[in-house]
Amino acid sequence: MIDVQQLTKRYGAKTAVEELSFTVPAGQVTGFLGPNGAGKSTTMRMIMGLDRPTSGRATIDGRSYAEHRAPLRAVGALLEAKAVHPGRSARDHLLSLARTHGLPRARVEEVLHTVGLHDVAGKRVGAFSLGMGQRLGIGVALLGDPQTIILDEPVNGLDPDGVLWIRTLLRSLAAEGRTVLISSHLMSEMALTAEHLVVVGRGRLLADTTVAELIATATDRPVDVVSPRADELAHLLLVAGASVATAAPGRLSVTGLDAGTVGDLAGAHGITLHELHTEPASLEEVYMTLTGDSREYRTDTSRQSTTETLEQAA
Amino acid sequence: MSATATATAPRTTDPGHRADRHPQDRSPSPRQEEGGVALHRVVRSEWTKLRSLRSTWATLGLAALVALGLAAAIGSNLSSGEPDGGFGADPTAAVLAGTGLAALVLGVLGALQVSGEYATGTITASLTAVPARWPVLSAKAVVLVAVVAPLALALSAGSLWIGSLVVDGGLPFSWGAVLGSTGYLTAVALLGLGTAALLRSSAAAITVLVALVFVLPPLLPLLPWGFVETATKYFPSAAGESLSATVAGTAALSDAAAAGTLAAWALVPLLVGGVLLQRRDA
Chain P
1 MIDVQQLTKR YGAKTAVEEL SFTVPAGQVT GFLGPNGAGK STTMRMIMGL
51 DRPTSGRATI DGRSYAEHRA PLRAVGALLE AKAVHPGRSA RDHLLSLART
101 HGLPRARVEE VLHTVGLHDV AGKRVGAFSL GMGQRLGIGV ALLGDPQTII
151 LDEPVNGLDP DGVLWIRTLL RSLAAEGRTV LISSHLMSEM ALTAEHLVVV
201 GRGRLLADTT VAELIATATD RPVDVVSPRA DELAHLLLVA GASVATAAPG
251 RLSVTGLDAG TVGDLAGAHG ITLHELHTEP ASLEEVYMTL TGDSREYRTD
301 TSRQSTTETL EQAA
Chain E
1 MSATATATAP RTTDPGHRAD RHPQDRSPSP RQEEGGVALH RVVRSEWTKL
51 RSLRSTWATL GLAALVALGL AAAIGSNLSS GEPDGGFGAD PTAAVLAGTG
101 LAALVLGVLG ALQVSGEYAT GTITASLTAV PARWPVLSAK AVVLVAVVAP
151 LALALSAGSL WIGSLVVDGG LPFSWGAVLG STGYLTAVAL LGLGTAALLR
201 SSAAAITVLV ALVFVLPPLL PLLPWGFVET ATKYFPSAAG ESLSATVAGT
251 AALSDAAAAG TLAAWALVPL LVGGVLLQRR DA
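Residue numbers (my numbering), protein chains in the order written: chain P, 1 to 314; chain E, 1 to 282.
Derived by calculation from the structure, the hints in this document are not laboratory data. Ideal placement from N, C-alpha and C gives every residue a C-beta, glycine not left out. Hints may be right or wrong, so weigh each one.
Said to hold, decoys possible - Chain P regions said to be covered by chain E (calculated; three or more residues, Cβ under 8 Å):
| id | stretch |
| --- | --- |
| 1 | 40 to 52 |
| 2 | 68 to 74 |
| 3 | 82 to 91 |
| 4 | 100 to 114 |
Said to hold, decoys possible - Computed Cβ-Cβ distance ranges for the label pairs, DEER-style:
| id | chain 1 | residue 1 | chain 2 | residue 2 | range |
| --- | --- | --- | --- | --- | --- |
| 5 | E | 58 | P | 129 | 37 to 43 Å |
| 6 | P | 6 | E | 207 | 39 to 45 Å |
| 7 | E | 224 | P | 122 | 55 to 61 Å |
| 8 | P | 129 | E | 101 | 39 to 45 Å |
| 9 | E | 207 | P | 11 | 23 to 29 Å |
| 10 | E | 62 | P | 11 | 46 to 52 Å |
| 11 | P | 105 | E | 161 | 25 to 31 Å |
| 12 | E | 207 | P | 212 | 55 to 61 Å |
| 13 | P | 160 | E | 150 | 50 to 56 Å |
| 14 | E | 119 | P | 251 | 39 to 45 Å |
Build out the structure end to end from the sequences listed, making use of the hints.
Structure (structure tokens):
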């Protein structure tokens with residue numbers, strides 16, 4: 001289990017991570033999610049003892065990273081893609097790290113097979129593609145057969161086969177009871193891989209939840225209504241305070257009222273409904289709403305709502 | 001999954017029951033005990049890193065070529081017992097001049113051992129594997145000395161041997177000169193390592209190394225201040241020349257002072273670099 005308590009990192013006046021607290025339980029894949037620049041990598045580097053926190057503490061299975069006698073056996077990490085000397089072979093890179101813990105040469109060969117680099121293990125890493133470099137980095141993380149695995153943007157640069165491979169690998173590692181923390185700025189990827197989500201923006205915790213709970217937090221979802229008397233219903237709904245958009249002839253998209261209220265209103269006026277349902281939130285939408293204020297760079301075109309324009313027309 | 005349940009159980013129970021916690025909950029698993037980080041293992045790791053780069057062998061080859069090639073070229077132009085000022089006064093020192101250039105090559109090798117890791121990002125993996133950090137730099141120094149010192153000894157002795165063949169009238173073999181030159185080469189290699197540990201960038205470290213070893217010593221005496229001239233005697237190259245001098249009166253420092261000076265150039269940047277490595281963010 002990873003336990004992050006009140007972790008803060010400041011660089012001069014800029015605060016990269018602010019009083020961040022969360023725990024990553026064993027036995028499931030936890031997604032560490034946030035826009036670029038949200039402090040994910042800095043947090044991971046502090047967990048791994050590479051950067052010193054300004055204040056706060058991070059422990060892995062009860063000890064700080066540096067307190068582990070055999071850190072590679074306790075925690076495996078991929079923090080930077082292709083952070084290997086280009087003149088060294090994949091095998092020698094793994095071997096040099098294995099040596100620090102007295103891990104046998106056979107373990108290096110095993111890991112090379114696991115990550116699918118055995119055939120190119122003797123080649124200089126400089127000739128590797130981004131995906132191969134990523135596989136080598138994952139090999140480094142797995143080298144000590146660790147209880148905890150921390151991967152920063154593991155699917156970056158992987159082809160679809162590789163993405164599928166890493167997803168399966170992470171799930172099986174979690175199923176073995178290990179602690180798995182992976183970061184991403186892509187909600188869509190996390191939705192497929194992670195069960196538990198820690199969402200950060202501008203160095204602060206935005207959500208510490210499960211995928212299902214996060215979707216459930218979405219409020220004010222549009223209600224989709226189909227009625228032969230749509231125009232009449234639209235008028236009633238506007239009077240009741242809702243915003244109404246005509247999605248197609250006879251089909252309304254209603255916000256500001258829930259599906260039950262819309263149905264009751266239609267029933268009270270004897271208007272027949274052919275369809276009535278609440279549009280489910282996509283994880284991506286929830287994520288965008290959650291992190292909307294904390295993205296460093298964004299375009300301003302996304303927030304043009306059709307409701308507004310229709311309201312003006314009405 | 002059962003291991004997970006035991007590990008997380010104490011967190012979920014009432015804090016009042018903490019005293020009941022089984023003692024084995026706190027002890028690390030046997031799997032973690034069997035192979036920890038140890039200095040001798042880090043030394044093997046650093047040897048693996050050094051030997052697995054072609055540039056290492058190219059650098060060592062270049063150092064040999066420069067030292068022995070210059071010894072042959074310079075020596076063939078000399079004859080002993082014909083003092084004409086300059087190097088002619090000390091043909092042994094003249095023949096060893098090539099090792100002075102080899103020193104720079106070996107200093108670059110030492111610098112790249114650290115700055116190459118920062119440039120490529122390997123440092124992250126290294127410090128993750130050895131979070132105590134100081135063993136990484138110590139092991140690099142051990143491996144560097146183990147590789148450079150024997151080579152330096154061979155090149156120094158080899159230069160004199162070549163000198164004895166090509167210098168007109170022969171050249172007496174001097175163990176003092178050989179050991180002095182060996183010490184100088186090894187010290188400059190360590191100076192490169194220490195400088196890189198301080199500066200972390202290859203370009204910065206190599207620039208400083210070249211300045212200290214080659215550029216500043218002939219430049220400083222031209223400055224109008226007396227203390228600068230004294231300081232020049234304590235630069236690595238001056239100390240190295242003192243140590244390997246064979247003609248009485250040509251040494252600016254006593255052997256002990258020269259050896260101490262070289263040791264300081266070799267170790268002080270390394271120690272300060274080690275302290276900074278501990279303190280800085282990786």
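Comparing the hints with the structure gives:
1. 40 to 52: holds (count 6)
2. 68 to 74: holds (count 7)
3. 82 to 91: Since three or more residues must qualify, the claim that chain E covers the stretch 82 to 91 of chain P holds, with 8 doing so at under 8 Å.
4. 100 to 114: With 4 residues close enough to chain E, the hint holds.
5. E:58 / P:129: 37 to 43 Å: Violated: the Cβ-Cβ distance is about 26 Å, outside 37 to 43 Å.
6. P:6 / E:207: 39 to 45 Å: 42 Å, holds
7. E:224 / P:122: 55 to 61 Å: 59 Å, holds
8. P:129 / E:101: 39 to 45 Å: Holds, since residue 129 of chain P and residue 101 of chain E (Cβ atoms, about 40 Å apart) stay within the stated range.
9. E:207 / P:11: 23 to 29 Å: 27 Å, holds
10. E:62 / P:11: 46 to 52 Å: Cβ of residue 62 of chain E to Cβ of residue 11 of chain P: about 41 Å, so the range 46 to 52 Å is violated.
11. P:105 / E:161: 25 to 31 Å: 40 Å, violated
12. E:207 / P:212: 55 to 61 Å: 58 Å, holds
13. P:160 / E:150: 50 to 56 Å: With Cβ atoms ~52 Å apart, the hint holds.
14. E:119 / P:251: 39 to 45 Å: Since the Cβ atoms of residue 119 of chain E and residue 251 of chain P sit about 60 Å apart, the hinted range of 39 to 45 Å is violated.
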